[in-house]
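Okay, here's what each chain looks like letter by letter:
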Amino acid sequence: MSGNPTSLTAPAGGRDSGPLSRNWRLLTAAAVAVAAGIAAPHVISSVLWISLLTQAVVDMIFATSVGLLVRQNGRISFGQAAFFGLGGYIFAVSIAREIATPELAIILAVVLPTLIAFLLGLIIARIPGVAHAMLTLAVGQAFYEVVFKWRELANGDDGMSVALPRTLFGFDSGMLQTPGSMLPIVWTILVMILVGFTLMARSPFGQLTEAIRENDERAQFIGYTTTLPRAVIYGASAFVAAVAGLLQTLYNGYISPDMFHWSLSGMALIMAIVGGPKIIWGPALGAFILFFFKDVAGDATEYWPALVGIMLIVVTLLLPEGFAGLAERTDVPLRRLRKGRAS
Amino acid sequence: MSKMRKAGRVGLGIAAATALLIGAGAAQAKDALKIGVPTDLSGTYADLGNQVIRAVEFAVWEANEAGGVDGRKVEYRSLDTEAKPDNARRQTEKLVREGYPVILGLIASGEGLAIAPMMARWDGLYISTINKSDKLTGDSCEDRVFRVNTQSAMDAMTIEPWLKQREEKKWAVVAVDIAWGRGSSEAFAATAEGAGKTMVGQFFIPSNTNDFAPYIQQVKDSGADGIWVVLAGRDAINFAQQAKQFGLIDSITVAGQSFTTDNTVKALGDVAKGIFGIINYSSTLDTAENKAFVAAWRTKYDADPTNFEGETYLGMQVLFQAVQKSGSIAPADLGKALSGGEFDTILGKLKMRAEDHQLLSPNYFGKVDEFDGALRPVITMTATPDQVTPPVSCSM
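First to last, the protein sequences are chains A and B. Numbering-wise, UniProt numbering puts 56 at position 56 of the first sequence, and it's gapless, one number per residue. Numbering-wise, UniProt numbering puts 44 at position 44 of the second sequence, and it's gapless, one number per residue.
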């Protein structure tokens, strides 16, 4: 955050274009993506597909949060579902128990998990390796146990239905539960998050976190504090996870402790790995692939987890950088070709 | 060469004939009745889920053999929910949106409660055949939700006369920590206290528990003379086996709800002998309708239908009659036909109460004993629908 960042901002790979045109290209791509998302419900005729896509996009947002942690912090979390669950529970419990107005509940649902993760990050970020993974698992499961055992809070294992108020921020809340209008909303949010993370990765701060990821000691040696940037990434990652949890709760009108369970954290991690966490949109791609793979496999056989397992093995063996890595690899020769033709 | 050409010509002929047949069929046939069966195929209650599927499969086969229901072909499609409410919601939405709007077969009460408020929005209809929680037809009742199986309040009313004549004074509950276990425990405690008993403990266990030892010790320490067990599927089998090993089953009176069922008794053998329990359906019931059902089932599967198979089949009977009565497969029309209707079932002619959509059915109580040379739950007491009519607590 502080210090002289110039040595870290030089774009990797030394491509022909400067950072300004890179950012323009990014925003153009984002605008095209958002337009496609808004058009999608008008093009796709099946409500089932629109609904599945909506749920898939929520998974994509969640996987992006896990990916950020891997990409910027080099850390693997088995407790990311805690923030996903908090996003949903804080909103649902606040309005069911009339603790806050629905609009305030939405704000609390994303702000509180961010804050909690930032504070936890100040401690957890110092611990590397297996201990870190175990600690995130413990933190995640602690939240799970609380909502599971505390039946008065939200019916424990059975979960709780949430009736949305008629309007939210002046808009008809029915929009949030209708696939045709919810898909553009969640998609736009996903695109905004990906753009935000890309800009952050290109910023001095993003470069700094990558430097810390690569060599914490050396970063300290050249005068950077390393815990704070890591904790900020924890907070940002939890913010996105909470957004995903909140969106799922708004869309489904329902919360259950499974939102906190470590198996969901594990699933998000698998999504990130399948997609390739080294690339910012990789985890989202992984989530998309896995969502529909699970859907198809689940239709085909009741032993669908075996198919997902086999797929994971194949991907980790053959595509160590995930599907996004594959796409990127095929893209490089293409780009070279294009460049050659242009000059 | 000529052979091939001949084969081709024959093939062409067959194709043309098929096309004609399909065309003719499409012109005549009404839309098929499509039933979605989200159920547990891989979780704690997978054994119950498999029974649900088998009963649906049988009822669909039987109906199609007889030329369909109201001239309609019957189809079904099942998906795994793992008995998790959030999965149930996802899978049910998928089934409804894929065109299987009549939903039946969810196991855990939490699953039923999770989908109930959505049925109107998705334009579906849910018929519970297994969910016990009173809430489903109580304070969480919904216009598009019906229940053909007995709720916990009805089961509690069924055991009341038995409980009154028992000498055991101190009772405890061992229940799974979900809506079903909580509701059943509450209903049992109220009934037991009404019968002059003392409740000395209510122990709630997470579903899919493997080690019951700590809970069994707690039950022993509570000094209970009798326990009411609300565990099913894999949980029921694990608990019973461990309770036997720790000497609990032999030292106190054990009774339960969905605990000693046809299938768990088969798995447990002698361990289950002498355990009391609610019996919601038994293939031994001596009515003409049931005998016909059991005979047909035997020719197809070479076995007797189990309690959950019987209850699910009953649900299918009620659904088919609603289709016949309304002449429609639209969920809204089926709902109207179900509400307040009377239906011929394997348990006799039964009424679907309009106020809360609970089918008023008879109920049974019994004990695991030898019957025709094998252990199974044997009915010792029958309660008529009038005796176990639960109070209405629903406002739709």
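I should point out that these hints are in silico values taken from the structure, not numbers from a laboratory. All values derive from a computational prediction rather than experimental measurement. Glycine is no exception: its CB is placed at the ideal position from the N, C-alpha and C atoms. You may find that some hints are simply not true.
Keeping only pairs whose Cα atoms sit at most 30 Å apart, straight-line, the calculated DSS-like set for lysine-lysine is [unchecked claim]:
{"no.": "1", "chain 1": "A", "residue 1": "K149", "chain 2": "B", "residue 2": "K336"}
{"no.": "2", "chain 1": "B", "residue 1": "K73", "chain 2": "B", "residue 2": "K336"}
{"no.": "3", "chain 1": "A", "residue 1": "K149", "chain 2": "B", "residue 2": "K73"}
Covered by chain A, according to a simulated footprint, are these stretches of chain B (three or more residues, beta-carbon under 8 Å) [claimed, not checked]:
{"no.": "4", "segment": "73-85"}
{"no.": "5", "segment": "171-182"}
{"no.": "6", "segment": "317-326"}
Pairwise CB distance ranges (calculated) [unchecked claim]:
{"no.": "7", "chain 1": "B", "residue 1": "K164", "chain 2": "A", "residue 2": "F292", "range": "41 to 47 Å"}
{"no.": "8", "chain 1": "B", "residue 1": "P214", "chain 2": "A", "residue 2": "T301", "range": "36 to 42 Å"}
{"no.": "9", "chain 1": "A", "residue 1": "V296", "chain 2": "B", "residue 2": "A354", "range": "40 to 46 Å"}
{"no.": "10", "chain 1": "A", "residue 1": "T301", "chain 2": "B", "residue 2": "A354", "range": "37 to 43 Å"}
{"no.": "11", "chain 1": "B", "residue 1": "G71", "chain 2": "A", "residue 2": "G174", "range": "36 to 42 Å"}
{"no.": "12", "chain 1": "A", "residue 1": "G309", "chain 2": "B", "residue 2": "A292", "range": "54 to 60 Å"}
{"no.": "13", "chain 1": "B", "residue 1": "A374", "chain 2": "A", "residue 2": "S45", "range": "53 to 59 Å"}
{"no.": "14", "chain 1": "B", "residue 1": "F246", "chain 2": "A", "residue 2": "A306", "range": "31 to 37 Å"}
Any of the earlier hints contradicted here, and which numbers? Going through the list in order, the structure violates hints 1, 3, 6, 7, 12 and respects the others.
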